[in-house]
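Here the protein sequences line up with chains U and A, keeping their order.
So the first sequence is numbered by our numbering: it starts at 3 and just counts up by one.
So the second sequence is numbered by our numbering: it starts at 51 and just counts up by one.
Mixed in with the good hints, there may be bad ones.
[Unchecked claim] Taking lysine to any residue pairs in the SDA-like style, the calculated list, with each CA pair at most 20 Å apart, reads:
(1) U:150 with A:392
(2) A:293 with A:671
(3) A:636 with A:593
(4) A:293 with A:820
(5) A:293 with A:622
(6) A:636 with A:681
(7) A:293 with A:665
(8) A:489 with U:130
(9) A:293 with U:150
(10) A:636 with A:592
(11) A:293 with A:670
(12) A:88 with A:687
(13) U:150 with A:357
(14) U:150 with A:349
(15) A:88 with A:101
(16) A:695 with A:622
(17) A:88 with A:644
(18) U:150 with A:353
If you are wondering where the hints come from, they were derived from the structure by calculation, not from laboratory data.
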Amino acid sequence: MPDRSWHSVPRCATRLVAAAVRAARSRAYLTPLAGLALVACRADPLPQSTLDAAGPDARIILQMHWVLTAIATLVSIGIIAATVIALRRRRSERGTAPPLPLAPSVFAEHEETRRRTGEPAPQVGAGMDEPFTPVELDAPQRDGGVLKLVLAGGAVFPAVVLVGLFVYVMVVLAEVDRPAPADALTIEVTGRQFWWEVHYYDAAGRRLLETANEIHIPVGEEVRVRLRSPDVIHSFWVPRLAGKLDMIPGRTNEFAISADSSGVYRGQCAEYCGVQHAKMAMLLVAQAPDEFAAWMEAQAADAVPAADPLAARGEAVFLASACAACHAVRGTPATGDLGPDLTHVASRRTLAALAIPNTRGHMGGWLVNPQAIKPGAHMPAVPMTREEFDAVLAYMMSLR
Amino acid sequence: MSTGTPSTRESYFAAGRDRERDFERTWGAAAPPLAWFKEVNNIPIALRYMGVAFAFLFTGGFMALLMRIQLALPENEFLDPSTYNQLFTMHGTTMMFLFVIPFIEAMANYFLPLLLGTRDLPFPRFTTLAFWTFLWGGLLVYSSFLFGVAPDGGWFAYVPLTNRTHSPGIGMDFWDIGLSVAEIAAMGAAAELIVAILRMRAPGQALHRLPVFAWAMLVFAFMVIFAFTPLIVGTAMLELDRKGLTSFFVPEAGGEPLLWQHLFWIFGHPEVYIMFIPAVGLVSQILPVFARRPLVGYPLVVLSLIATGFLSFGLWVHHMFTTGLSPTSMGFFAAVSLLIAIPTGVQMFAWIATIWKGRPVWRTPLMFIAGFLIIFVMGGVTGTMVGAVPYDYQVHDTYFVVAHFHYVLIGGVVFPFFATAYYWLPKITGRLLSERLGKWNFWIMFVSFHVTFFPMHIAGLLGMPRRIYTFDAGLGWEPYNLVSSIGAWGFGIGATLLLVNLVWSLRRGRPAGANPWNADTLEWWEPSPPPNAQFMYIPFVRSRHPLWEQESFEPESAEEAERMEPMRAAPRTWRGALLVSALDGKPLAVAWMPGPTLWPVIMSVGFLATFVGALVENAWIAGAGLTVIAVSLLGWFWPNEGQEKAMAEFGLASGEGGLPLAIAGPRSNGYWAMWIFLVVMSVALATIIAAYYYLGDDGERLPAAIPDTGTAMWASVAALALAAATYWMARAMRRRQAWSWRIGSAAALVLVPVLAWLTGRAWTDTGLTAVESAYASIFVTMIGFNWVLIAVLLPMMLFTLVWAIMRPADVRGHGLAWLTELQGYYTAASWLLTAAVLYLSPRLW
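Excised from the complex, chain U in its bound form (with noise of 0.2 Å):
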């Protein structure tokens, strides 16, 4: 496991202040600030955190964070401190102002401020309160020996360290880039706005399954990950396993991605798509190797016919409705593709890419009125009766 101990303060600064904004929005007052402290310095890791590192593309690159902070603190203190000693080395003096020469505009220019005022006309200087003479007139010729510390500092120094810069990103890119194994299971994943389309295939090829917005990985194992767009730009981001590649409309992008350990990884949207691109997230679930197993099977698996009459009702409704239009649902003749695959959604942890939980009641509220969940998303409300809805709801849990 990778020290965590140094961003503890961030964190339970992080912790607090959210528990407090909780607090505060729940009207929870009373809620001792000690448990909140407590609970804030839990040193359970961030879903989205890049310096949580749990996959070994996400870890080198932690490790390069390390490394480039400590040369940016380094320089940036370095040059600081060199500015401020300067500007307190020696303050100016008293002086006296030579003769400069002024041209005759001027001098009219003080005539008429006097005339107008009645007030002597301000001298040269004036903004400095007090006369001074520019020290060092004849120093072009004595540059010589700070140009010198100039160069070393301003160009030889930041040329030695970026090459050895340069070289210590060629090959942590090398590493980074690498492929993934030709026997490695390929997982594509389509941009849309603003949800995944993730598509299962076996190393031969084979189409496996389908689902969307959570991507299950079997812990340990290089994934392939290959990525396509066919509406807008997006950028396929979890940023505790590896660094973000755009998904491109005319192109596809593949990259190698895998966990250390389980555990639930939370991924966004990372290229602007749209109006609804702060709510496009995605959850990457790392499993033990049977249990991944076991998921694969029932999801590829097709959906079970409703065997409750309120949801064989709504099944019927569904198909009949402008649902099945968008949505496929994988054992009956819904084969719609404009929107997720809903064979196993009741299976999934959330709806609408990470904008509601997947529950009952969010399930409900995401069928009367999407636009009030995610204005701007590109399903629609379909009209429905009250009975029309309890099924349809009915159905929709019954998706397992």
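Since the structure of chain U is already known, use the hints to place chain A on it.
Chain A in isolation, oriented as in the chain U frame:
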């Protein structure tokens, strides 16, 4: 002609009251009616220009404050998503295009003539046109808020999000078209600055004595020319796509969304340095005044500015590291991204050394410069961090980058601007600002800047992406965003103190006097505020720090004085300015400068109407706009009374020791401007050619059927014939052979439409429609580019012929013929290159 050497100030600077009165009347404010619209003098125009740009700064800043309210708390509902997206789009757009660039140019319009010891900019009417056009462009973009359709595609406007399918409203058209107006204004101003710096200076101000700010503006202006042109080409392509006329960026038609990113960032990255270079030029100029010592390493600093300018064109791809490029290209661009730290480092150390060796005087401008040094170092090192490709994989498009570039842009540009405001406002207003208020201004801004932007680094590292209108609680971003939001309001209040201070100084400030800082450069030689009629007495410069080192501004020798005699005695009833040789600043000629006129403002309205017509797709409005432009061009170039007076007064003969009047040929400013125009066109053509090969780079997108060369060959013959006729015409003009001149220009005039027709046939023969594929789009665009050149050439050739027939001896006709000659050659060459690319190069595959 005086006798003997003028050895005292009285002899060179002596002037009668009547002469001063004449001079002031000639250069003074325009006469009513409509005086305000007729004004072309650089000082009043630059003041308006600065005022408008500054208003945009506060508008853009206010939008940022609204966004910070929205982001103060997770799941906040202060702004709805589309409003937020409009705000961040307009915040970036405003700051880049409507504040920084125009403000720099406005400042340069005001101060460059003063720094260079000249009376005005080379093309006063053009300055005025640029101002009005900028104003209309800015208002046009902002008018979208009134209609509730503000652009929301980001200031970078990535396709396909900004194409017609995904942004069907008119918002992005406002962005596209409004910006084109502002960009054209910026490029016009840049062309003007180049001519001003190279040609219009005080005698003796050789390049090695140029104030650093003038050097910086020279680099700036060249960069604007080279960077804005690809952007204008790119936005034109985007707009054509949006109108459904072409398919440059449509993947289904073989187009490439990444082409837009390349075109945008080949502009966008230099843009950062376009903003930064003038700011560091200002630092290098102001710092020595308060360090009471000349800048250490002036040649190094100037070389660094130039090197930065060059290098900045080699790192645009670092904005695209996450698009899936090859490691080789990423290696190259990473190397340049790191390399550019070196010239910046050199300047940094030069500034520190200057302070170190000097005796710093702790006044507000110096405080802002110190703040700049500290903030900018921090922005610079994070810049090197994001240049490291794998690191960029993580932090790209996160708040880490937002923090980085605000450190660079606010630290590196806004702080120097504030230093400059405190330094130069006393010159503009004639009043000193309050030091006490200035210190409050600095400290509030400095502290709240860090409070605002430092936490963003951490938010970014914790995974917060850019351009999100809200975020979920529980991701650990809450405290950083809350702190940022509080800091932002502090920063806004801090920045406003400058306005408070300005108002205070206008009412209460002590008179500044001509040179309140005891500074070294020529602007402090003139009274504060400087009169419109500046430098009636043209100073002779013999030092890089004239006000520190020169005992006298008189000419040194009788010869010099004699050569300047025409400038001293003659231009009283018309505006005359001195032209010098580019390198060593030797007096070369006298330029006639136009006085107050309405044509620039009329023409800018024509531009506005044309662009509004394009925006709402109304041919009548656009047609009316084009007509207004054509009419105002006629009025603009109509033989001018003042110019005739100058010609009569001056005589045109050179070689008698005195200065000639430069109206025609390589010595005139117009000829230099023409060259800059051709450079702009060349960059545009190069951009189009690069796009052509980029779209064709994977083989399959090349034309299935390679176009037949038949008509293109004939068009090439016509182009060669046009070049020959142009040569004949120009040679005859130079040899004063009126009939040959007439015949040559008549022949060329006939060949121009022939060339247009044949190139049109070269297209129609292929049967391509622009929209059918990206290849067809670029094919037609490249041919269409030649029509633009032809459309410029046709009236030029026509009026050359008119001059040749009506007044073959008039030097103004010769001037036009010189320019037409260049345009004629260029048009022919452009077609030959086009034909080679479109018809020959596919055969070489």
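Now the hints, each set against the structure:
Between residue 150 of chain U and residue 392 of chain A the alpha-carbon distance is near 15 Å, which keeps this suggested pair within the 20 Å criterion. For the hint pairing residue 293 of chain A with residue 671 of chain A, the CA-to-CA distance comes to about 17 Å; that is within 20 Å, so the pair holds. Annotation: proposed proximity of residue 636 of chain A to residue 593 of chain A holds, straight-line Cα distance about 14 Å (limit 20 Å). Between the alpha carbons of residue 293 of chain A and residue 820 of chain A the distance comes to roughly 12 Å, so the proposed pair stays at or under 20 Å and holds.
A distance of roughly 53 Å separates the Cα atoms of residue 293 of chain A and residue 622 of chain A; the hinted pair therefore is violated under the 20 Å criterion. Simply put, residue 636 of chain A and residue 681 of chain A have alpha-carbon atoms about 38 Å apart, too far for the 20 Å limit, and the pair is violated. The hinted pair formed by residue 293 of chain A and residue 665 of chain A meets the criterion: a straight-line CA distance of about 10 Å does not exceed 20 Å. Distance check on the hinted pair: residue 489 of chain A and residue 130 of chain U sit about 15 Å apart at the alpha-carbon level, within 20 Å; holds.
Taking the CA atoms of residue 293 of chain A and residue 150 of chain U, the gap is about 58 Å. The hint is violated against a cut of 20 Å. Annotation: proposed proximity of residue 636 of chain A to residue 592 of chain A holds, straight-line Cα distance about 12 Å (limit 20 Å). Straight-line distance between C-alpha atoms of residue 293 of chain A and residue 670 of chain A comes to about 17 Å, which keeps the hinted pair within the 20 Å bound. Using a Cα cut-off of 20 Å, the hinted pair residue 88 of chain A and residue 687 of chain A holds, with the two alpha carbons roughly 16 Å apart.
A hinted pair counts as satisfied when its Cα atoms are at most 20 Å apart, and residue 150 of chain U with residue 357 of chain A qualifies at roughly 19 Å. The hinted pair formed by residue 150 of chain U and residue 349 of chain A meets the criterion: a straight-line CA distance of about 13 Å does not exceed 20 Å. Proximity of residue 88 of chain A to residue 101 of chain A is assessed by CA-CA distance (about 18 Å); at most 20 Å being required, the pair is judged to hold. Of the supplied pair hints, the one linking residue 695 of chain A and residue 622 of chain A holds, its CA atoms being roughly 11 Å apart against a limit of 20 Å.
A C-alpha spacing of about 11 Å is found between residue 88 of chain A and residue 644 of chain A, which places the hinted pair at or below 20 Å, so the restraint holds. At most 20 Å may separate the alpha-carbon atoms for a hinted pair to count; residue 150 of chain U and residue 353 of chain A meet this at roughly 16 Å.
Hint compliance for this structure: hints 5, 6, 9 are broken, all remaining hints hold.
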